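Kindly generate the complete structure, drawing on both the sequences and the hints.
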Amino acid sequence: MYEGKIIKYYREKKQLTQEQLGKGICSTTHISKIERLQTEYAPEIITLLSKKLEINIHEEIQNLFNIKKRLSDWHDAIIMQLFDEMDRINNELENEDLIQISDYMYLYKLLRARYLLMHRKTKEALIIINEIQKIEHKLTSYESNLLKHVLGMYYLEQKDFLKAIQILKEIQIEIYNNPEYYYHLSMAYHTIESPALAYFYAEKSRQFFKEINSYLRVIDAEMIMTIQVKDVYDNEIIKRFESLIHSCDLCNAPERKAKVKHNLAYELFRRGNYEQASKFYKESMSLKEKGSDTYLISLEGYIHSSFDGNLLSKAELLQLAEEGLETAIKDNQLLYKHLFTLHSLLIQSKEQEYHQYLQEEALPMYNKFGFSFLIQRSKKELFNFYNKTRQVDKALEVARELIIQ
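Using the working numbering, you'd call the opening residue of the sequence shown number 111 and step up by one each time.
One or more hints might be untrue.
[Said to hold, decoys possible] Taking lysine-lysine pairs in the PhoX-like style, the calculated list, with each CA pair at most 25 angstroms apart, reads:
#1 Lys389 <-> Lys424
#2 Lys178 <-> Lys258
#3 Lys143 <-> Lys179
#4 Lys273 <-> Lys424
#5 Lys115 <-> Lys161
#6 Lys179 <-> Lys258
#7 Lys178 <-> Lys133
#8 Lys269 <-> Lys279
In case anyone wonders, no lab produced these hints; they're calculated from the structure. Being a predicted model, the structure only gives us computed values, none of them experimental.
Quick look at the structure:
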């Protein structure tokens, strides 16, 4: 059954005609029927054709059989975020010729898109997504749901959180059977500040991660759940996060530890505990690659908490803001360019320039990408500024926008 497909694949790869391949072995007509699976053939014929193509037909058949299992192992590694394992399998599959003639070519491409998204290669992932969407009618039901999951992750990466929620909620769990997507739903709901739904879906994902013994992903889910609990004292929130930090240490997961410390810092900052927030932002930065986007977001928090808490000198704060701005411009990271520019203006007490930049440059970008927290914070700042400077019309306009939201 598989011999004909394999023979055809390698014949075309070597750019041989059917006549050239069959010369001295069998007729062109017989080659054609073998490749189209329309005839019986003697094993000796396949052996001679394989020798001419310089392949071991038995090994190639076994490779074709193994593709489904390798794809399943790859998906498991991706779900559990076992990066070494997923990279190893990715490299193997990239060199696997027979994927193109297997029954799992579309599954491979969808998993490849997921893999690329996890490595922040969104442009490459989008090329695959667009290609798959053109032949969506050919996908199995499982593959169609996997496509929705991949699309949801893509929209999350693009900061289009409402679109991510819309597409992720179309997934049919009874067909897809991968509750991991609940975690991505929880992330989207958390970002648009819907704590009840964020907690609900994070808890569902945590149950799944426990079932598959993925303790790193359990930490991810529990962190989202912890963030949603607002009405607790600082000591209690620190205690909850320290439990997650301990879990990161047990799992030898410094990247997750950095993420947990950052989120703890944010929760403390939100409560006005600037000294503790600054401490944990700095600890988070120490665990990250300097200049990376994750480093920049903690640096921004460190500057903000240190400024509000009057913990560093003006010169120290300005130096940090300029460091962040320089990196953001170099790496073309528009969000951080705006954030560090605003910090720089605020540190220098350039109040008029600060609010003008906020209104004309930063806020339109926040609106475009749906940064709900930054939108709300910016509008409140603008309202207070316009009210203080007696710009009544502008203050009323911003107030109306805040009420509508």
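Against the structure, the hints come out as follows:
1. Lys389 <-> Lys424: With a Cα-Cα distance of about 18 angstroms, the restraint between Lys389 and Lys424 holds, given a limit of 25 angstroms.
2. Lys178 <-> Lys258: With Cα atoms ~21 angstroms apart, Lys178 and Lys258 stay inside 25 angstroms; holds.
3. Lys143 <-> Lys179: violated, 30 angstroms
4. Lys273 <-> Lys424: With Cα atoms ~41 angstroms apart, Lys273 and Lys424 exceed 25 angstroms; violated.
5. Lys115 <-> Lys161: Holds - the C-alpha atoms of Lys161 and Lys115 are around 16 angstroms apart, at most 25 angstroms.
6. Lys179 <-> Lys258: With a Cα-Cα distance of about 22 angstroms, the restraint between Lys179 and Lys258 holds, given a limit of 25 angstroms.
7. Lys178 <-> Lys133: violated, 35 angstroms
8. Lys269 <-> Lys279: holds, 17 angstroms
Going through the hint list in order, the structure does not satisfy hints 3, 4, 7.
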